[in-house]
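Got chain A; can you put chains B and C on it based on the hints?
Chains as they are written, first to last, in numbering that gives the first Met the number 0: chain A, 0 to 140; chain B, 0 to 128; chain C, 0 to 228.
Hints are computed from structural coordinates only; laboratory data are not their basis. Predicted, not measured: the structure shown is a model, and the values here were computed from it. Treat each hint with caution, since some may be false.
[Unchecked claim] Each computed DSS-like pair below joins lysine-lysine, with the alpha-carbon atoms no more than 27 angstroms apart: (1) C:K207 / B:K113; (2) C:K80 / B:K113; (3) A:K77 / C:K80; (4) C:K156 / C:K127.
Chain by chain, the residues:
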Amino acid sequence: MNEITFDNNWEQLGTYPIITEHDIVKVRQLVRHHAKDFRMGIVEQTRITTAVSELFRNMYNYAGGGKVLIERGDVEGKNALIVTCIDEGPGIEDIDLAMSDGYTSGQGMGYGLPGTKRLVDRFEIKSEKDKGTVVRVMKWR
Amino acid sequence: MNLDLHEKRIPIIKIRDFLIVSIQVDMHDKLAIQLQSQILEEIERTGAKGVLIDISVLEMVDSFIGRMLSGMASMAAIMDAAVVIVGMQPAVAITLVELGLEMPGVDTALNMEKGIEMLEQRLANSEFL
Amino acid sequence: MAETIVFEKAKERIEHIEDVLSSVAAGDLDVRIEAEIEDDLTGVEEAINILIEDLTYELKQSKKMREELEEKLSKIEEQQKTIMRQQDDLLELSSPVTKVWDNILILPVIGTLDSQRAQIMMENLLQKIVDTGCTMSILDITGVPTVDTQVANHLLKTVTSARLLGADCIISGISPAIAQTIVHLGIDLSVIRTKATLQDAMIYAMRKNKLLVDGKIKSENISETEESE
Numbered sequence: 000m001n002e003i004t005f006d007n008n009w010e011q012l013g014t015y016p017i018i019t020e021h022d023i024v025k026v027r028q029l030v031r032h033h034a035k036d037f038r039m040g041i042v043e044q045t046r047i048t049t050a051v052s053e054l055f056r057n058m059y060n061y062a063g064g065g066k067v068l069i070e071r072g073d074v075e076g077k078n079a080l081i082v083t084c085i086d087e088g089p090g091i092e093d094i095d096l097a098m099s100d101g102y103t104s105g106q107g108m109g110y111g112l113p114g115t116k117r118l119v120d121r122f123e124i125k126s127e128k129d130k131g132t133v134v135r136v137m138k139w140r
Numbered sequence: 000m001n002l003d004l005h006e007k008r009i010p011i012i013k014i015r016d017f018l019i020v021s022i023q024v025d026m027h028d029k030l031a032i033q034l035q036s037q038i039l040e041e042i043e044r045t046g047a048k049g050v051l052i053d054i055s056v057l058e059m060v061d062s063f064i065g066r067m068l069s070g071m072a073s074m075a076a077i078m079d080a081a082v083v084i085v086g087m088q089p090a091v092a093i094t095l096v097e098l099g100l101e102m103p104g105v106d107t108a109l110n111m112e113k114g115i116e117m118l119e120q121r122l123a124n125s126e127f128l
Numbered sequence: 000m001a002e003t004i005v006f007e008k009a010k011e012r013i014e015h016i017e018d019v020l021s022s023v024a025a026g027d028l029d030v031r032i033e034a035e036i037e038d039d040l041t042g043v044e045e046a047i048n049i050l051i052e053d054l055t056y057e058l059k060q061s062k063k064m065r066e067e068l069e070e071k072l073s074k075i076e077e078q079q080k081t082i083m084r085q086q087d088d089l090l091e092l093s094s095p096v097t098k099v100w101d102n103i104l105i106l107p108v109i110g111t112l113d114s115q116r117a118q119i120m121m122e123n124l125l126q127k128i129v130d131t132g133c134t135m136s137i138l139d140i141t142g143v144p145t146v147d148t149q150v151a152n153h154l155l156k157t158v159t160s161a162r163l164l165g166a167d168c169i170i171s172g173i174s175p176a177i178a179q180t181i182v183h184l185g186i187d188l189s190v191i192r193t194k195a196t197l198q199d200a201m202i203y204a205m206r207k208n209k210l211l212v213d214g215k216i217k218s219e220n221i222s223e224t225e226e227s228e
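Bound-form chain A, shown alone:
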């Protein structure tokens, strides 16, 4: 698994806590606002907003909250909107399982990660039991 690093030369667009449910709504609206600034079309805006909504809700529901970094960076020659979600929750025990489609079918329980991954251009995840989880998504189109 690729390491998620934090010492990139990316432009900081904001750091926001996710503590209450209102934060989820507020920050995902901010993400949509940034997506608009990136001149993304409506469908792409909706994709990234929905994707981060899933991630924020995971942090809120499973990790007691966390924080969100919104950045702009050059990734593979493209102007990318980068959203990183960091929490210090219980971590995901089996990432491979969480990333498999079967895990989220049925009642729709689970973290919704496979669906989220389909909505973005790049998806990175790192998690350690009892230490926390970091999920980074990028969108450039």
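Leaving out everything else, chains B and C in the frame of chain A:
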């Protein structure tokens, strides 16, 4: 003015045999569940046979809201009321499909007019049962 | 008696030759050997001068060629950009969604269907469905010989999304190759309605439409049809 969002209620209007719910705000999970209960209570209180949920203003429906809407349809059906979701935006439809939330068994209509037609049709058909 | 070759100021002149050769090696082509004295060494001095002249000429030619090539290259890049822009325009134009009859939309697709085009088509069709309120749409791919799995997925996504909106999308004109691709994807085929030809799809749509129109309690639709006649 400081609005406590937990107390914000989404208005439900009754027209003939139907309830019309127009979702105008970006909902968080609690509000969505609150709405679900509200609608079921109204169905019971008014004896409504159909519910039209207008989501034409919603720019995003994530998996929780999607499951709330499906759940809504099932619960209302148990109470002998049909639910029709109207006005979904194309970007929302695409994203729901990509999320893997295709909401089978949930009736949808392009707009309020068609939604009402659908409910009236259903009522007319059920009278023969 | 052996001829004695005498060079006047031999040491100086040889050093001068070495200096000039060093300068040339370092890139300075403006230097020449000044041959003042006529003797046997003069031949060498003049030969070296001629060599430097030839070198200068060759380098100039080479530079000129390089400049011409670079100019050609940037022209080609410009042309490529224009072609890409025109392709985008074509993408927009080549998949027009047309309303035919009351409540039926048709999207005829011709030519190669790549992922990007399929995505645009899907968004256009869904938006047109919402804008016109048409509940029946036909995606005709008679003009498309093959699709890859990504595009096949886009087509299915289009049908499913249309259904989510409250409309129907029929796919017509599926070639045998595309039929194979779709089946290999392992998709639940009960979710898509397909017709062999555009004609079949139209007949199906019109029949279904008539049912909707006739079964309607309100008479708005009937008066709309009269207006359009």
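Going down the list of hints, with the structure as the test:
1. Distance restraint check for K207 of chain C and K113 of chain B: the Cα-Cα separation of roughly 15 angstroms lies within the 27 angstroms cut-off, and the hinted pair is therefore satisfied.
2. About 46 angstroms separates the Cα atoms of K80 of chain C and K113 of chain B, which puts this hinted pair outside 27 angstroms; it is violated.
3. With a CA separation close to 18 angstroms, the supplied pair K77 of chain A and K80 of chain C stays within the 27 angstroms bound.
4. For a cut-off of 27 angstroms, the pair hint linking K156 of chain C to K127 of chain C stands: about 16 angstroms separates their Cα positions.
Of the numbered hints given earlier, the model fails hint 2 alone.
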